[in-house]
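There are 6 protein chains.
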Amino acid sequence: MRIRVVVPSITEEFEALGLEQYSPGARPGTEISVTLLDKGPASIESRYDEVVAVPDIVRKVVQAEDDGVDAVIIDCMADPGLQAAREMVSIPVIGPAETAMHVASMLAHRFSVLTVLDRAVPMFHEHAHRMGVAGSLASVRAVNIPVLELGDTERVVKALVEQSVMAVREDVAHLMVFGCTGMIGLAGEVEKGLVVQGITDVPVIDPGVLAVKFAETLADIGLSHSKRTYPQPPEKEIAGY
Amino acid sequence: MRIRVVVPSITEEFEALGLEQYSPGARPGTEISVTLLDKGPASIESRYDEVVAVPDIVRKVVQAEDDGVDAVIIDCMADPGLQAAREMVSIPVIGPAETAMHVASMLAHRFSVLTVLDRAVPMFHEHAHRMGVAGSLASVRAVNIPVLELGDTERVVKALVEQSVMAVREDVAHLMVFGCTGMIGLAGEVEKGLVVQGITDVPVIDPGVLAVKFAETLADIGLSHSKRTYPQPPEKEIAGY
Amino acid sequence: MRIRVVVPSITEEFEALGLEQYSPGARPGTEISVTLLDKGPASIESRYDEVVAVPDIVRKVVQAEDDGVDAVIIDCMADPGLQAAREMVSIPVIGPAETAMHVASMLAHRFSVLTVLDRAVPMFHEHAHRMGVAGSLASVRAVNIPVLELGDTERVVKALVEQSVMAVREDVAHLMVFGCTGMIGLAGEVEKGLVVQGITDVPVIDPGVLAVKFAETLADIGLSHSKRTYPQPPEKEIAGY
Amino acid sequence: MRIRVVVPSITEEFEALGLEQYSPGARPGTEISVTLLDKGPASIESRYDEVVAVPDIVRKVVQAEDDGVDAVIIDCMADPGLQAAREMVSIPVIGPAETAMHVASMLAHRFSVLTVLDRAVPMFHEHAHRMGVAGSLASVRAVNIPVLELGDTERVVKALVEQSVMAVREDVAHLMVFGCTGMIGLAGEVEKGLVVQGITDVPVIDPGVLAVKFAETLADIGLSHSKRTYPQPPEKEIAGY
Amino acid sequence: MRIRVVVPSITEEFEALGLEQYSPGARPGTEISVTLLDKGPASIESRYDEVVAVPDIVRKVVQAEDDGVDAVIIDCMADPGLQAAREMVSIPVIGPAETAMHVASMLAHRFSVLTVLDRAVPMFHEHAHRMGVAGSLASVRAVNIPVLELGDTERVVKALVEQSVMAVREDVAHLMVFGCTGMIGLAGEVEKGLVVQGITDVPVIDPGVLAVKFAETLADIGLSHSKRTYPQPPEKEIAGY
Amino acid sequence: MRIRVVVPSITEEFEALGLEQYSPGARPGTEISVTLLDKGPASIESRYDEVVAVPDIVRKVVQAEDDGVDAVIIDCMADPGLQAAREMVSIPVIGPAETAMHVASMLAHRFSVLTVLDRAVPMFHEHAHRMGVAGSLASVRAVNIPVLELGDTERVVKALVEQSVMAVREDVAHLMVFGCTGMIGLAGEVEKGLVVQGITDVPVIDPGVLAVKFAETLADIGLSHSKRTYPQPPEKEIAGY
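Residue numbers (my numbering), protein chains in the order written: chain G, 596 to 836; chain C, 596 to 836; chain Z, 596 to 836; chain F, 596 to 836; chain A, 596 to 836; chain B, 596 to 836.
Source of the hints: derived by calculation from the structure; they are not laboratory data.
Some hints could be false.
Keeping only pairs whose Cα atoms sit at most 27 Å apart, straight-line, the calculated DSS-like set for lysine-lysine is [said to hold, decoys possible]: (1) C:K831 - G:K634; (2) Z:K753 - Z:K787; (3) Z:K822 - C:K787; (4) B:K753 - B:K787; (5) B:K753 - A:K831; (6) G:K753 - G:K787; (7) C:K634 - G:K831.
Bound-form chain G, shown alone (with noise of 0.2 Å):
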């Protein structure tokens, strides 16, 4: 099976990084891919920075089916691009704060997400209620360290605890879900982070590897969403793109 991980950003370095991170998740016989955008932001961080991503993913995404990978995941908490990428492809395009958030309500009772700036705090509660878990939400809490600074792991997990443990006394949070996938692979670590804390029953969800395992899921079964829904756009014509 092969996995293309679209990672929105310029960032050059994150094309190897996220090879690095992603592979990991993948099952033996799984193939991971990533690609960068040509065109869009070094980081997404504000709507904006979506807005200047989102062809470019959406362009990114055509390609992987046109290369006859199995699945895309669109590297990002935001999700964005993920319902004019599913009107472009068949293939199953997975969206991380869209499943991690379903499977955190199937999980736990109230669980609190972790994510990386004040700013994106309405952005959670938004997703949320959208998908019909905001009862299930018992906060968000940023670590107030930019997404371009997510590299320093030790200052990473350290500020990710403090903040799970907060979620868990003050916000009676039952499970912890990661905020940025710029987080990807440090949920063992903080999970030994807060058994030090005297907190052994909290999991934490790694949204980034559970795209990867809801990737292989959809593809196994021959599973995508729905055309109905997500219908290929009508022919026009469209400038500069």
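Starting from the known structure of chain G, fit chains C, Z, F, A and B onto it as the hints suggest.
Positioned in the frame of chain G, the structure of chains C, Z, F, A and B alone reads:
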């Protein structure tokens, strides 16, 4: 007062047409100007059309603020780019769908939306859910006339009246909302058509006209979106824009 | 255009005061007139106060239509008698709470209401639930100043700023809505007070002023409530009115 | 135990009729008394009718408490004046609609309301939304017989059975609720009519009768509304009452 | 009238205790009988406890109908087996949680539940969501006393008053609901304790007592659950029961 | 990886059948084992059937954890015993309904459930409400074939296609979900049947197959339910188990 209408289309005749259609709604002293996109689609009828329209929509909204206009209307019932545009400017940015659906829920127990194509139906249910007015949305009905054929006014009015009558009789709607800003100016004729059918108590909301009034309102009283909800995006490298 | 403000009070000085407070919000050419109740309470601060105000409110709305005015505003954040008044007339009848809370939910992720007395808190939660914006209501906070003491502007502004700061800091509010039309005209001073506290990105909605603009809007475009939702009451014997 | 039924009407024959209709529902030892309004409408069929009934309804509830009765029922499915009356007294005040719709949602997956006139349909949807049982409301159907003609029992039962059959067959209702307290006493006959149509498993709730039992219940166990939710109104000048 | 209380426990002293506790709530002429389980847990404090209690609960409800009683109460705030029992019988089966939470939402703007153990907290949020009253649930607070230690009345009342005071002060609750039927009979003492703390306007609902009255009500008026919602199970082979 | 399927039935042939039906969904290296109940019903078609199945379901889940399997699937669309089983074990326990309905809401605007008997319809509405996806549930339609007759594949497929066509045409469904795990393996044939009817864009979710993939996913990434939501039950005396 100066209001800029951003028409999310590259179709040249829409500039003069937009001016002609939006100006009657403005009060004396309000100057309407219209701008098209340089890059983007001929019309918006899919999520993909939105995606390729939005970067230039936002650019045009920023340009409008630089030009010193008092408020901006995004001329499309998908409200494309509304959130991103609000991040980039401080002047009011009006989404006709947001405005019309809130007002509809204030004036009637249940309302129906009359859109262009069946494929747009889910979008209006999503709008209604997001805005909290899903319980007031009686139905969404399509006239099945593409945006670029809305110029055939007689055919459009006939279809709008037909669908309105069915919405009233079968879906128990008490008010109609046009589901495409390209239907601007036709509310009076549709209301007349309803009277001919014996329906005298069902108002019709023309979202384009309402958007002009709401733009005037916000500009008049110096009210705009919260910059705490829509903060200026972080500075970063962006390629291709 | 002529707009009638129905002040649901028998307190005589409110007539001149209402005219003074509402007139600045009107555009040139809009004539505001104010009417008090003949029968009813000195102010509305309870459900019982509403009950004894409403029959005369409706009578005054009917009188307004007979006088040929273009729209009516019920000058109270309880929107008392809104539905009954709409049954009796065809001209637009504006509820300041309905208008302000819908607009607040359009302009910000979360908003707080600043009301007079603690006892009014449940009413605003009910308003929000009914309108579908409960998920956007961050909090309702009382300044604990009775309606009839709102004339002490300095004290009122100080209390409004204090509660606004707490709403922003503790309740994560992004926008403020005055919870009593008696606070009309103070939005600018409250915004200034917030800036002094370092809060520069939180707009304040003055429902009285907004109601004037919404009345102008509806009258301008010939839109009113659906008479299918608010049909004329059946003729019947009524004693005592 | 003494229960007072406040009939929100000036129609004199409703006093004896009310006594006759409500008494069978009371248990031995419960004394029912009935009071009409001095001021108000002949019947309640509109929001306006409510408005002109409510001041006297509240006065009659206060009188009932002064008379030492144990609980009060407001004899109308609009539950007119319920909140204001609760502010003025400490004894339980029962709204038949509130009681019946909560109980209906406890006993069946979906229920329908059978009301008098089409114009009352929106009110029951609002009731259901407010009480949180909107998802259980299968439909609201009108028999289209005015309140003052409900004395023609045969015609009323026939119409109630007809609408019930349609509610079961077309709207998938599992339980019926009378939508006017004037239908009191007819549940048994409607159930018989349903059996004749082959429907043996659909209970019918008679809100008037249920209200008597709920009044007895609250009085028996010394439970009433929270005075923190319904505090005594502030003292103030009130003209005309 | 005869009412059967099914105590979902094998703890022998609960039979006499149940009789002692439930009888005062019954009106003259109502005979309460109590039955324990033959198979099942000592108390219900987990989902697993429910599972091992429910088969015998249902058997005891069926036995009650065979014995000719008029209504059955399941003596537990988890309402265990309520739906299955209703499938098997036609007489009313009362869930104390369902009854108490609906009534709480009728009598107060917001209420809190006082339960035994923290682990039960999610269950009450689920109850509230299912019943549509989640918006009225101010909080769920645990006294952290296991069911089998509720006999220490003094300690229990003290803890209930403490948590009630915090619910009123911190969670803005206006009414309390006991979260375990084992707290039956203590409402009066908790109300007294609140008065000592200066809180005179917060009623306390004792779900066990309320359940008796609701059982009497349904039996009195011949109302029961809809057999269209709860049809008799199909005949089939069942092993081990 | 080892996955245990707990078939909540005593019908012996379901053991071999379950193995035959579930194994194709597993990836190479996943070993499926199937266990029946010792005590319980022949099939689950009512709340009562659930009740008598659940104690042994939970025992079988505990046994599975003791046997060292990696995840457990409860083979029934009622998800019977899901919460209690999660209290008793730490390995993932999968409910096919929970999984399928969340995934359905991710892949389509609206979906329909195809269940066995009309009596199961309310249960799926309750599922959808509890999971937050009620707004996406277009309809629940029954093929009216009892569980024990699902072996007649031809008849079942024919009925599933018929109901799917009606769900698409009348209920505006965009995706189908099987409402009984006994329909496992038929998704391909139903999709083919839809194509014959001209419907090419409506996916069919087979919850049994999806459950296997979700079990593999959770086991792969070491994710399970929150033990803070599902803590181990307190030790106590339990008779008869």
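For each hint, the structure was consulted:
| no. | hint | result |
| --- | --- | --- |
| 1 | C:K831 - G:K634 | holds, 13 Å |
| 2 | Z:K753 - Z:K787 | holds, 11 Å |
| 3 | Z:K822 - C:K787 | holds, 16 Å |
| 4 | B:K753 - B:K787 | holds, 11 Å |
| 5 | B:K753 - A:K831 | holds, 26 Å |
| 6 | G:K753 - G:K787 | holds, 11 Å |
| 7 | C:K634 - G:K831 | holds, 13 Å |
Checked against the numbered hints above, the structure breaks none of them.
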